[in-house]
Structures are given as C-alpha cells and as structure tokens.
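> Sequence:
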Amino acid sequence: MDAVTRANRTAWEAASQKHVREYGDLLAQAADGSSLTGTERELLREILGRSPEVVHPQSGHGLDDVALVRAGARRVIGIDYRQVAVRAAQRRADELGAPCRYAVAAVPGYRSPARAPISSTPARAP
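For the sequence shown, our numbering puts the final residue at 142, and the numbers step up evenly by one.
Hint data in this document are derived by calculation from the structure and do not stem from the laboratory.
Be aware that a few hints might be false.
Taking lysine to any residue pairs in the SDA-like style, the calculated list, with each CA pair at most 20 Å apart, reads [said to hold, decoys possible]:
| # | residue 1 | residue 2 |
| --- | --- | --- |
| 1 | Lys-34 | Val-120 |
| 2 | Lys-34 | Gly-76 |
| 3 | Lys-34 | Arg-103 |
| 4 | Lys-34 | Ile-95 |
| 5 | Lys-34 | Ala-119 |
| 6 | Lys-34 | Tyr-97 |
| 7 | Lys-34 | Ala-44 |
| 8 | Lys-34 | Val-100 |
| 9 | Lys-34 | Gln-106 |
| 10 | Lys-34 | Asn-24 |
| 11 | Lys-34 | Ala-47 |
| 12 | Lys-34 | Ser-51 |
| 13 | Lys-34 | Ala-23 |
| 14 | Lys-34 | Gln-99 |
| 15 | Lys-34 | Glu-111 |
| 16 | Lys-34 | Arg-107 |
| 17 | Lys-34 | Gln-74 |
| 18 | Lys-34 | Gln-45 |
Using the sequences provided together with the hints, build the complete structure.
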C-alpha cells in the first residue's frame with residue numbers, strides 16, 4: 017500500500033470511530049428501519065418485492081442495509097473501505113437479527129491522485 021493510500025485509510029478509520037461512539041443511537045435508528053426516504057422506498061419497491069440479494073457499496077454504518085432488508089431484500093452484503101465501520105455495522109445487524117454481512121474492500125486499480133491533499137477529516141460526497 018502506497019503512502020497516500022495508507023494516509024487516506026488512516027484518516028477514514030479515524031473518522032469512522034463515530035460509528036462506535038454513536039453505537040446506541042445508530043442501533044435504535046437501525047431498529048426503526050426508517051433510514052430510506054419515501055422516494056427511495058418507492059423507487060426500490062418493485063425490485064425489493066422480488067426479495068433480491070443486494071450488494072451495497074459504501075455501506076458505512078449499515079442503517080440502510082437493515083432498512084433494505086425490512087423493505088424486502090432477502091440479504092444485504094455491505095462493502096466499505098473502513099474496518100471500523102464494517103465491524104460496527106456487522107455488530108448492529110447481528111443484534112437486530114438482520115441478514116446482512118459486511119466486507120472491507122477498496123476499488124481495484126484505483127489510486128488516489130498524488131497531489132490530492134490528505135486531511136484528517138475525509139471529504140464528504142456531494
């Protein structure tokens with residue numbers, strides 16, 4: 017692993033500690049199963065009605081995965097870059113009896129631009 021990738025992973029792992037610190041609150045939210053918006057549920061209704069297995073890249077804290085199961089998915093496989101997030105999401109899913117499994121992975125062949133600034137706080141997607 018190159019220095020830029022290692023620094024990026026370290027920053028994301030540190031930021032993901034919030035999934036551990038806020039574990040109880042996130043567990044309650046996951047138990048509620050309402051993290052999907054009405055629009056998301058409507059868009060996914062036909063697909064989830066077929067009880068598919070779902071692969072969820074960038075699954076993060078896993079709240080949407082539990083909601084996908086409650087909305088009809090047979091099982092969700094969550095993939096995230098951060099070990100801390102994966103462990104917390106798996107623990108939550110196990111406690112709730114949700115058929116979710118998590119794996120740590122990165123996009124194969126992707127290398128961060130060498131000139132990209134590295135911050136202790138990861139950039140958020142728009």
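> Decide, hint by hint, whether the structure agrees.
Each hint, compared with the structure:
no., hint, in the structure
1, Lys-34 <-> Val-120, "holds (17 Å)"
2, Lys-34 <-> Gly-76, "holds (11 Å)"
3, Lys-34 <-> Arg-103, "holds (12 Å)"
4, Lys-34 <-> Ile-95, "holds (18 Å)"
5, Lys-34 <-> Ala-119, "holds (19 Å)"
6, Lys-34 <-> Tyr-97, "holds (15 Å)"
7, Lys-34 <-> Ala-44, "holds (15 Å)"
8, Lys-34 <-> Val-100, "holds (9 Å)"
9, Lys-34 <-> Gln-106, "holds (15 Å)"
10, Lys-34 <-> Asn-24, "holds (17 Å)"
11, Lys-34 <-> Ala-47, "holds (18 Å)"
12, Lys-34 <-> Ser-51, "holds (17 Å)"
13, Lys-34 <-> Ala-23, "holds (18 Å)"
14, Lys-34 <-> Gln-99, "holds (13 Å)"
15, Lys-34 <-> Glu-111, "holds (19 Å)"
16, Lys-34 <-> Arg-107, "holds (14 Å)"
17, Lys-34 <-> Gln-74, "holds (16 Å)"
18, Lys-34 <-> Gln-45, "holds (15 Å)"
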